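Heads up: the protein sequence lines correspond to chains A and B, in order.
Take the first sequence: its letter number 89 is residue 89 in the working numbering, and every next letter is one higher.
Take the second sequence: its letter number 78 is residue 78 in the working numbering, and every next letter is one higher.
A few of these clues could be false.
Restraint ranges, calculated between C-beta atoms of paired labels, are given here [said to hold, decoys possible]: (1) A:31 <-> B:59: 46 to 56 Å; (2) A:4 <-> B:12: 45 to 55 Å; (3) A:98 <-> B:76: 31 to 41 Å; (4) B:167 <-> A:3: 51 to 61 Å; (5) B:225 <-> A:98: 51 to 61 Å; (6) B:159 <-> A:7: 49 to 59 Å; (7) B:129 <-> A:4: 51 to 61 Å; (8) A:25 <-> B:159: 31 to 41 Å.
Read the hints as simulated data drawn from the structure, not as lab findings.
Note that this is a predicted model, so its numbers are computed, not measured.
Even for Gly, the Cβ is constructed at its ideal location relative to N, Cα and C.
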Amino acid sequence: MVSPRVVRNLKKEFRRSALAKVGLVLVVGVLLVAVFAPFVAPHNPTEQDLDGKQLPPIGFSKTVEETSSELVDGEVRTVTETTRIEADPQHPLGTDPLGRDMLSRIVYGARTSLLVGVLGTVLAAAVGVPVGLIAGYKSGRVDDALMRFADVSLAFPSLVLAVALIGLWGRAAVELPDPFVSAGLAPGMPATFTLPGTVIVVVGIVNWVWFARVARGEALSIRTEEYVKAARALGGSDRGILLSHVLPNAITPIIVLGTVQIAAIILLESALSFLGFSGTTLSWGFDIAQGRDYISSGQWWIAGIPGFAIMLSVIGVNLLGDWLRDALDPDIEGEGGG
Amino acid sequence: MSVARFVTKRVVQGVGVVWGVVTVVFALRFVTPGSPVNAVAPLDASQETRRAIAVELGLDQPLYVQYLQYVGDLLRGDMGFSYVRGQDVARLVFLKLPATVELAVAATVLAIAISIPLGVLSATRRNQPADYLATLFSLGGISTPNFWLGIMMILVLAVQLGLFQTSGRGVGFPGVLAAVVGPEPFLDTLLSWLSYITLPAIALGTYFTALITRLTRSGMLDELGEAYVQATRAKGLPETLVRYKHALRNTLIPVITVLGLQLGTLIGGAVITEAVFSWPGLGTLVIQSINLRDWPVLQGCLVIIGTSFVVVNIVVDTLYAHLDPGVVYD
Chain A
1 MVSPRVVRNL
11 KKEFRRSALA
21 KVGLVLVVGV
31 LLVAVFAPFV
41 APHNPTEQDL
51 DGKQLPPIGF
61 SKTVEETSSE
71 LVDGEVRTVT
81 ETTRIEADPQ
91 HPLGTDPLGR
101 DMLSRIVYGA
111 RTSLLVGVLG
121 TVLAAAVGVP
131 VGLIAGYKSG
141 RVDDALMRFA
151 DVSLAFPSLV
161 LAVALIGLWG
171 RAAVELPDPF
181 VSAGLAPGMP
191 ATFTLPGTVI
201 VVVGIVNWVW
211 FARVARGEAL
221 SIRTEEYVKA
231 ARALGGSDRG
241 ILLSHVLPNA
251 ITPIIVLGTV
261 QIAAIILLES
271 ALSFLGFSGT
281 TLSWGFDIAQ
291 GRDYISSGQW
301 WIAGIPGFAI
311 MLSVIGVNLL
321 GDWLRDALDP
331 DIEGEGGG
Chain B
1 MSVARFVTKR
11 VVQGVGVVWG
21 VVTVVFALRF
31 VTPGSPVNAV
41 APLDASQETR
51 RAIAVELGLD
61 QPLYVQYLQY
71 VGDLLRGDMG
81 FSYVRGQDVA
91 RLVFLKLPAT
101 VELAVAATVL
111 AIAISIPLGV
121 LSATRRNQPA
131 DYLATLFSLG
141 GISTPNFWLG
151 IMMILVLAVQ
161 LGLFQTSGRG
171 VGFPGVLAAV
181 VGPEPFLDTL
191 LSWLSYITLP
201 AIALGTYFTA
211 LITRLTRSGM
221 LDELGEAYVQ
231 ATRAKGLPET
241 LVRYKHALRN
251 TLIPVITVLG
261 LQLGTLIGGA
271 VITEAVFSWP
281 GLGTLVIQSI
291 NLRDWPVLQG
301 CLVIIGTSFV
311 VVNIVVDTLY
321 AHLDPGVVYD
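Start from the sequences and build out the full structure, keeping to the hints where you can.
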């Protein structure tokens, strides 16, 4: 599967493309932050401090003028009060409406985004790839049935189907113990991490058909190759041929699609959390939703910063995807997803 | 095969897909925990209401009768009754549909108007500053959550600069049309409409602008390297004609295919854009229905959204057949 030629192409493309380097740095960065969140986050992301709420990020300290009218000795006087809201170096990215540290929430939000993105994609591929390979390899009726089903599936937008399913099923979530905290390495950090189970299952369900389509297309062309014919003539079983010949030769476009899908699912997860359909409150989309009510008063950072976090992660994954596509197979159609 | 027969065939296939959509929506009734009555009845419904709903859904009948009844009702344009809102579902859904269509069309027009010239510019000035800027823009565009972009635009352009409205639809496009013949001042109505629709259209359209820019750029680069382009150049055809008549036309073919496939993303994007801008369309209705547990309305929205997807794809395929003389109609 990973032949020396593939490695050579990857290296060559990487050396040539500055964007590939940026993508790798971004993805590795987000990955490290997500894994080691309890050490990176300066505060517990769920700890409230109502005395220090809505603090601006460093560099955005501001003066607020409040004008009020007062009745003094039977006369109406306008009093202008000037308050200075100073940024707190303890909270470099400011705090949210409940005084929780924005930087720590961004750090923990990376866990949710990456876990849902990767697990959702793995689930979609685990369902879609076998179905697509079998349909393409067998062709005929199985294939027809799959393609018709795929047509129907595509008629429902991912987001609409996802909110409908979550609305019907509820928002189940699994509490996972944080290994670093249980080992006593990161005192004061949340002891458990919420994995939004329903969201992962649902994004897998709504996206598997993209994998099925790509796997089917590959299998359709691979089945006519000489080596497959030879394997069949030698009495190889369908299962054996699929696993040892068809899958390895179909894997490149599937991997490329996988990166596109991770990006699409990170965006989908943020949209679901924004709409309140996630099972966790530590998510970038969720923070954007709560910051939305504060933009009219100019507190841009509560909704603004999580958006930059989403954008940087998705740009990273997309750049990595472009790199893989250009290095592995310049002929693949690059834009599937969402 | 003639174009007419091709279109007929696509329509027949489309009817099949719509049938599938209806069947899936019917089946979704059974993924709700507990009796399907739970999904239809308001939470505080009395036993009598619940029994009446069970009879209306035909739950005392065998499954195939329930199914046939559901399909039959839909064919007559009956999408059921929303007990939560006390309203007819079909009426409600068709009342909200035009707003969503308006938003989706505005976003698409905006996306096409910007992306195709930008993609062409990017390809013809490869590795020049304009190309880098366009590439950067399209990378950012496909990576930005549209709801966040919407909120940031509200912050800067609507709240701080006061250039646009923060929410709502205003008179809508029908209002603008009415002003053409009616007594309202046309220019004011048009400007008012623009103040409502511009931000939602940009929020929804940016992803597509970016996507089509990318596709147009890579498509143009491929085409401009082809032998026929060299030949038309050698023949002495002006460069503009070479680019726009020949290369661009061939580039648009894959662009249109992807657009059709991505239509679901557009409708999904409309749902969330509507939520950000309180745009009174189907998306807002979908979210409200889920929060109110108003299943009949959600079901109606899903059927309409699935059907629209199929209809627009037939239109796209017909366009495709029109653009590409080499297309095999099967």
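Against the structure, the hints:
no., hint, verdict
1, A:31 <-> B:59: 46 to 56 Å, "50 Å, holds"
2, A:4 <-> B:12: 45 to 55 Å, "51 Å, holds"
3, A:98 <-> B:76: 31 to 41 Å, "52 Å, violated"
4, B:167 <-> A:3: 51 to 61 Å, "55 Å, holds"
5, B:225 <-> A:98: 51 to 61 Å, "57 Å, holds"
6, B:159 <-> A:7: 49 to 59 Å, "52 Å, holds"
7, B:129 <-> A:4: 51 to 61 Å, "38 Å, violated"
8, A:25 <-> B:159: 31 to 41 Å, "35 Å, holds"
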